[in-house]
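Student: Sequence:
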Amino acid sequence: MQKRKIIKIDENKCTGCGLCIPNCPEGAIQIIDGKARLISDLFCDGLGACIGHCPEGAITIEEREAQAYDEDKVMENIVKQGPNVIKAHLHHLKAHGEVNYYNQALAFLKEHNINIPVDKKCGPAGHGPSGCPGSRMMDLRKKKKTEHDVSSAAKQESELGQWPVQLMLVPSYAPYLNNCDLLIAADCVPFAYADFHRDLLKGKTLLVGCPKLDDVSIYQNKLEQVFANNDIKSVTYAHMEVPCCFGLVNIIQSAIEKSGKAIPFKEAVISISGERLR
Numbered sequence: 001m002q003k004r005k006i007i008k009i010d011e012n013k014c015t016g017c018g019l020c021i022p023n024c025p026e027g028a029i030q031i032i033d034g035k036a037r038l039i040s041d042l043f044c045d046g047l048g049a050c051i052g053h054c055p056e057g058a059i060t061i062e063e064r065e066a067q068a069y070d071e072d073k074v075m076e077n078i079v080k081q082g083p084n085v086i087k088a089h090l091h092h093l094k095a096h097g098e099v100n101y102y103n104q105a106l107a108f109l110k111e112h113n114i115n116i117p118v119d120k121k122c123g124p125a126g127h128g129p130s131g132c133p134g135s136r137m138m139d140l141r142k143k144k145k146t147e148h149d150v151s152s153a154a155k156q157e158s159e160l161g162q163w164p165v166q167l168m169l170v171p172s173y174a175p176y177l178n179n180c181d182l183l184i185a186a187d188c189v190p191f192a193y194a195d196f197h198r199d200l201l202k203g204k205t206l207l208v209g210c211p212k213l214d215d216v217s218i219y220q221n222k223l224e225q226v227f228a229n230n231d232i233k234s235v236t237y238a239h240m241e242v243p244c245c246f247g248l249v250n251i252i253q254s255a256i257e258k259s260g261k262a263i264p265f266k267e268a269v270i271s272i273s274g275e276r277l278r
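Each residue of the sequence shown is one higher than the one before, counting from 1 in our numbering.
No lab work stands behind these hints, which were simulated from the structure alone. Ideal Cβ placement from N, Cα and C applies to all residues, glycine included. Among the hints, erroneous ones may be present.
[What the hints assert, rightly or not] No more than 30 Å apart at the CA atoms, straight line, and that leaves these computed lysine-lysine pairs for DSSO-like:
id, residue 1, residue 2
1, Lys94, Lys3
2, Lys212, Lys202
3, Lys110, Lys13
4, Lys8, Lys73
[Unchecked claim] Label-pair distances were calculated between CB atoms; the ranges are:
id, residue 1, residue 2, range
5, Asp215, His112, 35 to 45 Å
6, Ile51, Val242, 30 to 40 Å
7, Pro55, Glu241, 43 to 53 Å
8, Ile272, Lys80, 53 to 63 Å
9, Lys73, Asp33, 19 to 29 Å
10, Gly247, Gly274, 20 to 30 Å
11, Gly52, Asn115, 32 to 42 Å
Modelling step: build the complete structure from the supplied sequences, incorporating the hints.
Tutor: Right, here's the structure in full:
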């Protein structure tokens, strides 16, 4: 059984101020019945981005043993918190594209004779969207090109297949991570390399970060979760030729090693002048 970190909200301390919500990258917290609620364990990465924004100290990190995600067990906890939390959880699963878990949750409710009306278009009534819209997860892989512009030979189509792209914003259980070729790109690469979309991104799921400005120890924790929770076919790390970019190589390789999986890894190095060196 695997241990992982996850946030814990003390309802007695929580005043329902909502300051934690915009600071939850995965959008896993909502204010329901006057209290902050973690509506789904699935989208909490346990990094605690919300903690420092709680003026009451109601949010802490706990580490507990956890089996592979089990929607039925989550629903057992969710139903104890009342109809509004159930509706919010269903809407949360649907908004993040977790169709299988959504259907499993509905089956659980049916099996236990719990009838919860859900607005299929807007989700639960009385609750607006949670978190920052810029971090809401979207799977863009099925986007169809309905028009082909032949007026400009230089025009390139975007090869981006999902949203968000920042490493710290992408849930480790995001559906587009499973069975993918993963591209981890340093922030500067897309600006320096003109053929980024066509040469590096096409056909891959993207994670973006800066090994110089960010805490790479947090990156390692997140990548360990990504590799443990998904079947990753390959990992490519695209980075600049400058020394500060090389620090993430060992972090990625260490996370792969800890997963116990044989995931092929390669590097793509871009020069400051915008040339691909390898």
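Student: Should the hint that Pro55 and Glu241 are 43 to 53 Å apart at their CB atoms be regarded as holding?
Tutor: 44 Å, holds
Student: How does the Cβ-Cβ distance of Asp215 and His112 compare with 35 to 45 Å: does it lie in that range?
Tutor: 43 Å, holds
Student: Decide if the proposed pair is consistent with the structure: Lys8 and Lys73, CA atoms, cutoff 30 Å inclusive.
Tutor: Cα-Cα ~17 Å, so holds.
Student: Given the hinted pair Lys212 and Lys202, is their Cα-Cα distance within 30 Å?
Tutor: Within the cut-off at roughly 26 Å; holds.
Student: With respect to the beta-carbon atoms only, verify the hint that Gly52 and Asn115 lie 32 to 42 Å apart.
Tutor: 40 Å, holds
Student: May I ask you to test the hint 53 to 63 Å on the CB atoms belonging to Ile272 and Lys80?
Tutor: 56 Å, holds
Student: Starting from Lys94, check that the Cα of Lys3 is at most 30 Å away, please.
Tutor: 27 Å, holds
Student: Using the beta carbons of Ile51 and Val242, state whether their distance is inside 30 to 40 Å or not.
Tutor: 33 Å, holds
Student: Between Gly247 and Gly274, is the Cβ distance one that fits in 20 to 30 Å?
Tutor: This hint holds: roughly 22 Å between Cβ atoms.
Student: Hinted pair, alpha-carbon criterion (30 Å max): Lys110, Lys13. Please report holds or violated.
Tutor: 34 Å, violated
Student: If I claimed the Cβ atoms of Lys73 and Asp33 lie 19 to 29 Å apart, would that claim hold in this structure?
Tutor: Holds - the Cβ-Cβ distance for Lys73 and Asp33, about 22 Å, lies within 19 to 29 Å.
Going down the numbered hints, you'll see the structure goes against just number 3.
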